[in-house]
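Add chain V to chain S, keeping to what the hints say.
Chains as they are written, first to last, in my numbering: chain S, 1 to 299; chain V, 1 to 263.
Worth flagging that the hints you see were computed from the coordinates, not collected in a lab. These figures come from a predicted structure and were not determined experimentally. Glycine residues also receive a C-beta, built at the ideal position from the N, C-alpha and C atoms. Hints are not guaranteed to be accurate.
[Claimed, not checked] DSS-like cross-link-like pairs, simulated, lysine-lysine; straight-line CA separation at most 25 Å:
(1) S:K127 to S:K99
(2) S:K127 to V:K15
(3) S:K99 to V:K15
[Stated by the list, open to error] Residues from chain V that keep clear of chain S, each with C-beta distances beyond 12 Å, as calculated:
(4) I31
(5) N62
(6) A112
(7) T136
(8) T141
(9) T144
(10) E150
(11) M193
(12) D195
(13) V197
(14) M220
(15) V247
So the chains spell out like this:
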Amino acid sequence: MGVCIQTSHLTKRYGSILAVSDLSLDVQTGEIMGILGLNGAGKSTTLYMLSGLVRPTSGSIHVFGKELRQHFLSISPLIGVLVERPAFYDYLTARENLKLSARLARREVTVDRALDRVGLLSAGRRKVGEFSTGMRQRLGLAQALLLEPSLLILDEPTSGLDPEATGEMLALLRQLAGEAQVTILVSSHMLHEAEGLCDRVAIIHEGRLLSCERTDALLSYDERHVQVLVDAPESAAKRLSGQPWLESVEVRAGRLEVVLREENAHQLAAFLFTAGYRVTGVIPRQRTLQDHFLKALSR
Amino acid sequence: MIGRVWTLYRFELDKAARRRFTYVGLILIVIAVLSALFMRPLTREGQGDYAFIAYATPIALNLLGLFLLVTYCSGLVSTELGSGSICLALVRPVRRHEFLIAKLMLGITYAAMLTAAVAVSAWGIALAFGELSGVTYGGETVFTAVDMIEAYLFGALLVLAPQAAVAAYSIMISTLTRSTGAAIGSAVGILLMVDIVKYPLRIAPFVFSTYIETPWNVFMSYCDGLDARWFPAAAYVLLTSIAYTIVFTAIAILSLSRRDLHS
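With the rest of the complex left out, here is chain S:
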């Protein structure tokens, strides 16, 4: 697996505003990389620079091993771009928009396949001016997928989509990465979506890269925070309170929510067992992306 995108000290300044600062990032071929951040963090600006739509103030971008600006004409057919709130020619139909877009790349493509992939085949002959926000978003993805790209750059791809369409889009992206080995760089502020989609996530705040880690490592189990399934939880909570190895305990939805000082859940289970309680489960809490995100922001 080689490097698909490599940015080095990438910086973008809009007058006095520093939108992206000294961003150095590698995206491996075939992986789904999420760029997460609050609104205005610099996610979109980063993706727009990678798409060639925004000129970096300084730094370099290499895509497929080539400098982007210098080799834009040879690289751009390999990239599918979905900008946030994609705009089309409203007086043309969805099919006509895609046909024109494909013509610019001077490629013969099957427009119907792209429309079908995003569930817009039946609306292909309707003018885009009549489309809802969600349909425009899906058409944007169809346009990005049109040339069967090796790299997809997607800015907030699920923005404006209903839950069902969001699920379909995420499934499609997983399928593309899994079967077609498409590298996907996606920005989002929907952490739960990124959690299920991305192989790695980069967190950007005020234009700076705060962290970039594998998602599965971030979603590991936290054995200090455990849920205990026990008979008589109220009584068990009272027995537990005051133990020196315990930070806090409370009863929530008939379960004990326990925070330990150290990762020693076996000591907790042994204590309850010795005290005569019937313990049917000790479940460590899985860390979420939100935990990591908030931790990264607070640093």
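Showing chain V alone in chain S's frame:
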């Protein structure tokens, strides 16, 4: 590069063919030619009805046609910047200067279509309801019908040069703003202002808009039975127009290539 510009040009033509404004402009200019009949009715006299054509053509093209061309071209880039649809084209393997050259080619095509609409309607009316057998003076033919057609056709070709400058000027303004209204307002306003001050400031010979009427001078002289020469006036028209077209296009390319594009 030529292949990509040609592809972009066809892309622009396809879009233009589906825009209502393209046809509205053509219909309006034909109406302008028809309206000229009220000011200069057909006479069927010795000079023929070339006088009607010589009156209707500059009136339609230089007043309404110029306004239509400026309006049309001012919206070519600003509309796409405003809606974000420019991203649709520029994420594809095309350079920004190629995108602008294709827009300029569309502008010139639109200008040619306006000229053709004026020519067809003016000559059509004169041919159908008037008399176009040449210009006579004292019973003698001074200019034959072929002379008149040649003078008109050369004028129609020559007028493309200042029209190209107008298109380039409007597209340049169009790259400077995301608002189509602001682009049209600025383009028309600046053009009017320059037209007002160019004579008092004695800069008229150096302003491209001065030469918009020049291509019809020979045809108009022929209509009066007077001989006229194309040069050096035609050379002034060409040189000034080409120079301005290059300068305006260069500014537009510089402006667009430095612009950050967001949806």
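Are there hints from earlier that the structure breaks, and if so, what are their numbers? none
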